[in-house]
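Participant: So the protein lines, in turn, are chains A and B. First residue of the first sequence: 1, per the numbering used here; consecutive thereafter. First residue of the second sequence: 249, per the numbering used here; consecutive thereafter.
Note that these hints are calculated values from the structure, not bench results. Even glycine gets a Cβ: it sits at the ideal position worked out from N, Cα and C. It cannot be assumed that every hint is accurate.
Partial chain A-side listing against chain B, Cβ under 8 Å, derived [as the list claims (entries may be wrong)]:
hint: 1; residue: Asp-63
hint: 2; residue: Asp-96
hint: 3; residue: Asp-115
For each label pair, taking beta carbons as the anchor points, the in silico distance ranges come out as [stated by the list, open to error]:
hint: 4; chain 1: B; residue 1: Cys-453; chain 2: A; residue 2: Pro-199; range: 54 to 62 Å
hint: 5; chain 1: A; residue 1: Arg-224; chain 2: B; residue 2: Leu-360; range: 26 to 34 Å
hint: 6; chain 1: B; residue 1: Leu-431; chain 2: A; residue 2: Val-180; range: 50 to 58 Å
hint: 7; chain 1: B; residue 1: Ala-322; chain 2: A; residue 2: Ser-49; range: 54 to 62 Å
hint: 8; chain 1: A; residue 1: Val-180; chain 2: B; residue 2: Lys-414; range: 48 to 56 Å
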Amino acid sequence: MPDHTHTHPHPQSHSALSGPARALRLGVCGPVGTGKSSLIALLCRELASELELGVVTNDIYTDEDARFLRAAGVLDPARIRAVETGACPHTAIRDDITANLMAAEELEADYAGADVPGLDLVMIESGGDNLTATFSPALVDVQIFVLDVAGGGDVARKGGPGIERADLLVVNKTDLAIHVGVDAGLMVTEAAAARDGRPVLGLTRTEQATVDQLTAWVRAQLARHRTGDLVPQDPGPMAAHSHDHAHA
Amino acid sequence: MTDAREAIHRDLVLMLLADARLPVAGHTQSATLEPALRAGLGAGDVPGYVTTRLRTVTRVEAATAVVALHHLAAGLDVGPVEAAWAARTPSPAMRATSRSQARAFLRLAGRLWPETAPVLAVSAYRAPCRAVALAAAAASLDLEPAALARLVGYDDVQTACSAALKLLPLDPADVTGWVVGALPTVDRLAGEVAHLTRPEEIPACGAPQIEAWAETHAHTTRRLFSA
Ligand SMILES: Nc1nc2c(ncn2[C@@H]2O[C@H](COP(=O)(O)OP(=O)(O)O)[C@@H](O)[C@H]2O)c(=O)[nH]1
Ligand SMILES: [Mg+2]
């Protein structure tokens, strides 16, 4: 039997790695269909030549996201791991992050040998949940909340912890704005107003300038992580305040 | 949390360890119920499924935990206990699941009771099984063998039943009734294994059908639960 146990000093020592010593962990959350997997695929395509990447997906019912990313051919399939959440995508990123932490650590450990470069960036995609789901700062160092214009112009105004306080809010698919009767510029402006100056990025994969802004932001987070200046911020589970303008 | 034994009533320890809110990835587990339902079991079969587990795979796990507790409390090597469990758990998928759950549990136990000898001893193994990991906490917190066996049985029942609620159209009150209905069997199981101390006494009572379902599940791409 290949699986005998051996005494081995501190098997989980890699989990003790924190701060700049390990890969930057970037969380990507937001409702289903807003473009989380696409954004991760985009980052893989843009960054794979300069950074060592890994991805953890939290699919709700299948390993669809992991397969989507593997099929996209932007990253070695062995670097993409799927975590089952037992229909609890929110729990898996917030109140019991164990399965995700273990997946991220295993991924990092698998690429931590003397003969391979360690990972620089591990992206964790949450199973698309509702507007209240955000990552625990014990799981990710920094997080992106993804909305899209097709969800309606007032979603950003409605707020919520991710929209208001994620490190970056992405308003995705701005190319679709004209088709769904949404003013993308206004949506970004209103989101910025709800975020007390935290960054908002209007993104579409069809416009390289917006993609460049996204990768620049990620590179900046990695730089902060490496100098030890990145302190994980918790968007929190609650809305911080209510807005004074009326909306549905 | 330097002295884990200080001032914690055993009832509270048991409640803590049995609580689904314990962050040990319990929400990823279905006690192999997901593939069992896919293979054709229906809602009405769940109570029988739970009882079958208590008589077979869960009995092995409970007995392993009790024997490991004895070894840890006596300062003995748990290696032979682990080996006895592995020999009685023929499904590689079930062994992998148990070891992954152990890792999840030990990372928590290592944070909560880092200096206790049993947690240190078990954490030094490369991939202990869940029963041995639970025994490490039980030994650190002075839990009795019967209580540990009840914990293993109870947790298994709750894991399958709460997964049933996610997988089938059921009334949660009915499902809690199934849990209550299984409690006497849990208690009987605990009574039967609590006195065991030697690895060779761990019963070899697997359930080939459950093991086959566990294997199938490990290779499916459409699943809600990890196992
Ligand atoms: N038009 C357009 N569609 C996009 C863009 N980004 C993603 N999509 C599409 O949005 C759909 C959902 O994307 P996906 O990444 O699977 O969303 P997820 O559920 O959040 O992971 C897919 O059909 C994508 O092709 C974009 O920038 N523009
Ligand atoms: Mg996705």
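Participant: Now look at each hint and say whether the structure bears it out.
Facilitator: Here is what the structure says about each hint:
Proximity of A/Asp-63 to chain B holds as hinted, the smallest CB-CB distance being about 5 Å (cut-off 8 Å). Because the closest C-beta pair between A/Asp-96 and chain B is about 4 Å apart, less than 8 Å, the hint holds. Violation of the interface hint for A/Asp-115 is found here, the shortest Cβ-Cβ separation to chain B being roughly 21 Å, above the 8 Å cut-off. One distance hint, 54 to 62 Å for the beta-carbon pair B/Cys-453 and A/Pro-199, holds here, with the actual separation near 59 Å.
Distance hint check for A/Arg-224 and B/Leu-360: the Cβ-Cβ separation is about 31 Å, which falls inside the suggested range of 26 to 34 Å. The given range of 50 to 58 Å is respected by B/Leu-431 and A/Val-180, whose C-beta atoms sit roughly 54 Å from each other. About 57 Å separates the C-beta atoms of B/Ala-322 and A/Ser-49, a value consistent with the hinted range of 54 to 62 Å. Evaluation of the 48 to 56 Å hint for A/Val-180 and B/Lys-414 yields a failure: the beta carbon distance comes to about 34 Å.
Of the numbered hints listed earlier, those contradicted by the structure are 3 and 8.
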